[in-house]
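Whole structure, please, built from the sequences with the hints as guidance.
Number of protein chains: 4
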Amino acid sequence: MMLKELREKVYEANMDLPKHGLVVFTWGNASEIDRDKGLFVIKPSGVDYDELSPENMVVCDLDGKVVEGDLNPSSDTATHAYLYRSWEKVGGIVHTHSSAAVSWAQAGRDIPCYGTTQADYFYGAVPCMRGLTEEEIEEAYELNTGKVIVEGFEGKDPVALPGCLVRNHGPFSWGKDAAAAVYHAVVMEQVATMALHTEQICATAGKPIEEALAPQYLLDKHYMRKHGPNAYYGQKK
Amino acid sequence: MMLKELREKVYEANMDLPKHGLVVFTWGNASEIDRDKGLFVIKPSGVDYDELSPENMVVCDLDGKVVEGDLNPSSDTATHAYLYRSWEKVGGIVHTHSSAAVSWAQAGRDIPCYGTTQADYFYGAVPCMRGLTEEEIEEAYELNTGKVIVEGFEGKDPVALPGCLVRNHGPFSWGKDAAAAVYHAVVMEQVATMALHTEQICATAGKPIEEALAPQYLLDKHYMRKHGPNAYYGQKK
Amino acid sequence: MMLKELREKVYEANMDLPKHGLVVFTWGNASEIDRDKGLFVIKPSGVDYDELSPENMVVCDLDGKVVEGDLNPSSDTATHAYLYRSWEKVGGIVHTHSSAAVSWAQAGRDIPCYGTTQADYFYGAVPCMRGLTEEEIEEAYELNTGKVIVEGFEGKDPVALPGCLVRNHGPFSWGKDAAAAVYHAVVMEQVATMALHTEQICATAGKPIEEALAPQYLLDKHYMRKHGPNAYYGQKK
Amino acid sequence: MMLKELREKVYEANMDLPKHGLVVFTWGNASEIDRDKGLFVIKPSGVDYDELSPENMVVCDLDGKVVEGDLNPSSDTATHAYLYRSWEKVGGIVHTHSSAAVSWAQAGRDIPCYGTTQADYFYGAVPCMRGLTEEEIEEAYELNTGKVIVEGFEGKDPVALPGCLVRNHGPFSWGKDAAAAVYHAVVMEQVATMALHTEQICATAGKPIEEALAPQYLLDKHYMRKHGPNAYYGQKK
Numbered sequence: 160m161m162l163k164e165l166r167e168k169v170y171e172a173n174m175d176l177p178k179h180g181l182v183v184f185t186w187g188n189a190s191e192i193d194r195d196k197g198l199f200v201i202k203p204s205g206v207d208y209d210e211l212s213p214e215n216m217v218v219c220d221l222d223g224k225v226v227e228g229d230l231n232p233s234s235d236t237a238t239h240a241y242l243y244r245s246w247e248k249v250g251g252i253v254h255t256h257s258s259a260a261v262s263w264a265q266a267g268r269d270i271p272c273y274g275t276t277q278a279d280y281f282y283g284a285v286p287c288m289r290g291l292t293e294e295e296i297e298e299a300y301e302l303n304t305g306k307v308i309v310e311g312f313e314g315k316d317p318v319a320l321p322g323c324l325v326r327n328h329g330p331f332s333w334g335k336d337a338a339a340a341v342y343h344a345v346v347m348e349q350v351a352t353m354a355l356h357t358e359q360i361c362a363t364a365g366k367p368i369e370e371a372l373a374p375q376y377l378l379d380k381h382y383m384r385k386h387g388p389n390a391y392y393g394q395k396k
Numbered sequence: 160m161m162l163k164e165l166r167e168k169v170y171e172a173n174m175d176l177p178k179h180g181l182v183v184f185t186w187g188n189a190s191e192i193d194r195d196k197g198l199f200v201i202k203p204s205g206v207d208y209d210e211l212s213p214e215n216m217v218v219c220d221l222d223g224k225v226v227e228g229d230l231n232p233s234s235d236t237a238t239h240a241y242l243y244r245s246w247e248k249v250g251g252i253v254h255t256h257s258s259a260a261v262s263w264a265q266a267g268r269d270i271p272c273y274g275t276t277q278a279d280y281f282y283g284a285v286p287c288m289r290g291l292t293e294e295e296i297e298e299a300y301e302l303n304t305g306k307v308i309v310e311g312f313e314g315k316d317p318v319a320l321p322g323c324l325v326r327n328h329g330p331f332s333w334g335k336d337a338a339a340a341v342y343h344a345v346v347m348e349q350v351a352t353m354a355l356h357t358e359q360i361c362a363t364a365g366k367p368i369e370e371a372l373a374p375q376y377l378l379d380k381h382y383m384r385k386h387g388p389n390a391y392y393g394q395k396k
Numbered sequence: 160m161m162l163k164e165l166r167e168k169v170y171e172a173n174m175d176l177p178k179h180g181l182v183v184f185t186w187g188n189a190s191e192i193d194r195d196k197g198l199f200v201i202k203p204s205g206v207d208y209d210e211l212s213p214e215n216m217v218v219c220d221l222d223g224k225v226v227e228g229d230l231n232p233s234s235d236t237a238t239h240a241y242l243y244r245s246w247e248k249v250g251g252i253v254h255t256h257s258s259a260a261v262s263w264a265q266a267g268r269d270i271p272c273y274g275t276t277q278a279d280y281f282y283g284a285v286p287c288m289r290g291l292t293e294e295e296i297e298e299a300y301e302l303n304t305g306k307v308i309v310e311g312f313e314g315k316d317p318v319a320l321p322g323c324l325v326r327n328h329g330p331f332s333w334g335k336d337a338a339a340a341v342y343h344a345v346v347m348e349q350v351a352t353m354a355l356h357t358e359q360i361c362a363t364a365g366k367p368i369e370e371a372l373a374p375q376y377l378l379d380k381h382y383m384r385k386h387g388p389n390a391y392y393g394q395k396k
Numbered sequence: 160m161m162l163k164e165l166r167e168k169v170y171e172a173n174m175d176l177p178k179h180g181l182v183v184f185t186w187g188n189a190s191e192i193d194r195d196k197g198l199f200v201i202k203p204s205g206v207d208y209d210e211l212s213p214e215n216m217v218v219c220d221l222d223g224k225v226v227e228g229d230l231n232p233s234s235d236t237a238t239h240a241y242l243y244r245s246w247e248k249v250g251g252i253v254h255t256h257s258s259a260a261v262s263w264a265q266a267g268r269d270i271p272c273y274g275t276t277q278a279d280y281f282y283g284a285v286p287c288m289r290g291l292t293e294e295e296i297e298e299a300y301e302l303n304t305g306k307v308i309v310e311g312f313e314g315k316d317p318v319a320l321p322g323c324l325v326r327n328h329g330p331f332s333w334g335k336d337a338a339a340a341v342y343h344a345v346v347m348e349q350v351a352t353m354a355l356h357t358e359q360i361c362a363t364a365g366k367p368i369e370e371a372l373a374p375q376y377l378l379d380k381h382y383m384r385k386h387g388p389n390a391y392y393g394q395k396k
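Heads up: the protein sequence lines correspond to chains A, B, C and D, in order.
Everything in the first sequence is counted per my numbering, starting at 160 for the first residue and increasing by one.
Everything in the second sequence is counted per my numbering, starting at 160 for the first residue and increasing by one.
Everything in the third sequence is counted per my numbering, starting at 160 for the first residue and increasing by one.
Everything in the fourth sequence is counted per my numbering, starting at 160 for the first residue and increasing by one.
Wrong hints could be hidden among the right ones.
Same chains, same label: a pair holds when it works inside one copy or across any pair of copies.
To be verified - 30 angstroms max Cα-Cα, derived BS3-like pairs, lysine-lysine:
| hint | residue 1 | residue 2 |
| --- | --- | --- |
| 1 | K385 | K178 |
| 2 | K366 | K248 |
| 3 | K385 | K168 |
| 4 | K335 | K315 |
| 5 | K380 | K224 |
| 6 | K178 | K168 |
| 7 | K366 | K196 |
Treat the hints as calculated values from the structure; they're not laboratory data.
Right, here's the structure in full:
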């Protein structure tokens with residue numbers, strides 16, 4: 160069996176999704192890529208979480224074709240594959256239907272950056288992609304979902320903004336590996352909830368939501384404190 | 160004891176309701192029908208969940224009369240019976256007072272389809288039925304609840320829309336068996352929460368909620384991807 | 160030690176409060192009365208839930224004076240005592256700071272009856288009492304809280320409306336015993352959450368909240384179905 | 160190893176943060192000071208909660224310099240140190256990113272005192288501090304966070320208001336020790352949720368939120384009942 164260690168990591172990442180309350184039933188998937196081999200491991204489609212194992216994860220190539228595995232891979236496999244092809248620095252990808260993030264995706268709005276909880280991981284707003292056209296959906300839905308994401312990130316750095324919302328659908332997140340993508344999925348759900356409540360707390364007092372936006376220099380400070388060349392959060396590694 | 164296997168399935172379905180956070184105390188019930196025998200099994204009325212067992216489930220005929228069982232069946236039995244009589248393709252029914260779905264039922268509004276989480280299981284809005292008249296309530300409340308549901312589905316397919324809201328009351332859902340009805344009850348509660356938040360995220364930014372509606376071709380794609388003749392979600396069976 | 164069985168029941172009722180998510184820390188109390196002896200048992204004040212036992216419950220007379228017990232009784236004891244003195248049919252009382260019910264109490268609004276979840280236990284709106292005056296607070300705060308509740312129920316039946324909101328404070332509920340009072344505290348928290356969401360679902364669609372009110376004949380039916388002389392919910396007892 | 164008992168207390172306080180739902184991942188920290196020695200113990204930075212132990216807590220002096228410990232202390236250490244230097248009566252400090260409190264901090268609003276749940280611990284509104292300027296952030300972010308808090312409390316008593324919101328960031332709380340600071344962090348999260356819902360319940364009925372404010376004499380009564388010279392809540396100690 161190929162990629163034993165990677166299977167284990169992807170399995171763990173998938174199991175973390177319901178544990179963090181991001182997934183009910185089978186509504187989520189995580190994958191991670193082995194860049195040297197050009198292969199990624201992803202959850203099988205529609206299999207209950209308590210039946211998942213490292214062994215029934217599915218190995219795919221960068222075209223999303225199954226290389227090893229008896230089960231169908233996640234129906235979103237073509238999206239994962241396209242993002243891996245497009246963004247070399249991305250090592251892991253997660254998709255969920257977590258409640259608050261989906262709500263922003265359904266409203267078709269970016270999640271504005273109202274504070275440091277978001278700024279520690281997202282260098283600005285979590286962007287909401289445009290909706291797919293009827294033609295894009297009919298032609299190749301999952302592949303084109305990937306294309307719309309990459310298009311939406313033109314001029315943006317997917318490392319500094321490790322996630323987005325797909326309109327009328329839900330959140331995708333990524334990171335250096337599957338665990339980092341899970342982490343960012345949790346962050347997105349947290350800030351999605353907080354941002355809604357922030358706007359409501361403004362609204363009930365008649366305060367414009369624009370006044371709640373975190374100033375750019377606060378974003379700079381928090382993002383750099385964790386991710387810049389002189390980062391001092393956490394332990395030296 | 161009749162229908163031993165069906166009793167077990169209905170028992171499990173009922174126990175899943177509090178596990179999914181859909182039910183407090185005894186506020187819910189699940190049933191499933193054996194179409195060959197024309198009998199369905201349903202939870203007894205007002206019995207604590209930790210006192211339920213496959214053995215104390217109640218067997219009823221299609222008129223809702225008890226065929227086997229020492230306990231009174233759920234007070235909503237006549238509703239279940241009428242739906243089974245009216246809709247041959249329905250094999251299981253669930254009723255709960257889950258918080259978000261009840262809130263939509265109380266507001267008397269359909270849950271609009273804002274995204275794929277709903278479209279994967281409901282081919283459009285989750286419809287809210289009209290309220291019962293005073294006469295309907297006094298004459299035969301539970302039976303007429305069933306009649307109002309069937310009336311509200313004239314021109315609609317209960318397989319493509321496996322649930323509804325009864326005004327000022329709460330959600331009913333159904334499916335090929337009791338487990339599927341439970342599944343759809345969970346979906347309804349999830350999308351009820353998301354739809355409220357979606358509308359609020361629109362509202363705080365002054366965006367009309369109509370702009371958040373999922374386009375019809377997205378509904379088509381998601382519903383067909385899971386339920387159409389060429390469905391490719393999940394594993395071949 | 161007096162009232163051994165009653166101590167056990169009151170202990171269990173108090174322990175159920177955090178279990179139902181109604182209480183954090185020590186912010187709640189339950190009591191039950193022995194009408195024959197004219198004594199009630201109540202939780203001690205400010206003691207952690209994991210240090211409670213049937214033995215450290217406090218026995219009080221109808222003036223709220225300690226008859227047996229080493230610890231101070233709940234600081235709300237005078238409120239409980241006054242309600243027991245005023246309402247002969249009440250056998251158990253609960254006070255909590257449960258989140259949604261407190262929010263309605265703080266807003267100073269009755270919880271309107273929007274549906275059957277509430278109508279099954281409350282024959283109409285959950286009433287919010289007037290605030291206490293400065294004089295009432297300074298003179299005898301807890302006793303006067305009881306007086307304001309009884310005043311607010313003039314013309315109302317505390318059996319048909321087994322709970323209320325004390326303005327800027329929180330919910331009190333009652334019933335035939337402490338367990339029933341806990342049950343009604345859970346109902347209040349559930350319907351408080353649902354009523355807020357119901358109003359919000361109306362608001363985002365520009366629908367007046369008055370249109371969401373349950374019609375009187377629905378209240379009649381549901382309340383009578385459970386509590387009237389011909390009640391048919393649950394099992395014969 | 161120094162301060163063995165204090166390490167244990169600070170460890171327990173930190174572990175209580177996720178237990179109360181105030182912290183996901185590593186987003187929080189608690190500390191406590193030994194006033195005689197002029198040293199405080201604080202959580203290490205960015206270490207998973209399940210890897211924490213009394214032994215890997217970090218001991219710092221009042222300038223925030225590490226006196227004992229192999230790991231970096233919390234990135235917020237300079238804030239803790241400044242508050243300890245400024246406020247002699249404060250013995251423990253907690254910082255979290257709890258969801259509702261962060262939402263108020265992001266909205267840049269004080270949490271108004273709408274009821275007794277808040278008044279039992281906070282003698283008035285939970286104040287939101289001004290945002291830091293660009294210069295303050297660049298010069299010494301964490302130290303200046305402490306300075307902005309102390310500035311915001313000019314004319315206020317940090318014992319009577321044991322917490323605040325740092326704008327676009329989140330809540331800080333304190334108390335006589337780390338356990339008290341945790342307690343106040345829980346109170347802040349609770350009242351932050353209730354205050355939002357209170358305002359929403361006003362809003363849906365067109366009631367001005369000012370009418371929901373608790374009257375001053377109710378604040379006086381509740382705060383004094385627990386903390387005044389004649390306090391009668393809880394047990395004599």
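Hints, one by one, checked against the model:
| no. | hint | result |
| --- | --- | --- |
| 1 | K385 / K178 | both (25 angstroms within a copy, 25 angstroms between copies) |
| 2 | K366 / K248 | neither (40 angstroms within a copy, 36 angstroms between copies) |
| 3 | K385 / K168 | both (24 angstroms within a copy, 28 angstroms between copies) |
| 4 | K335 / K315 | within (17 angstroms within a copy, 47 angstroms between copies) |
| 5 | K380 / K224 | between (42 angstroms within a copy, 22 angstroms between copies) |
| 6 | K178 / K168 | both (15 angstroms within a copy, 27 angstroms between copies) |
| 7 | K366 / K196 | neither (53 angstroms within a copy, 47 angstroms between copies) |
Of the numbered hints stated above, those contradicted by the structure are hints 2, 7, listed in ascending order.
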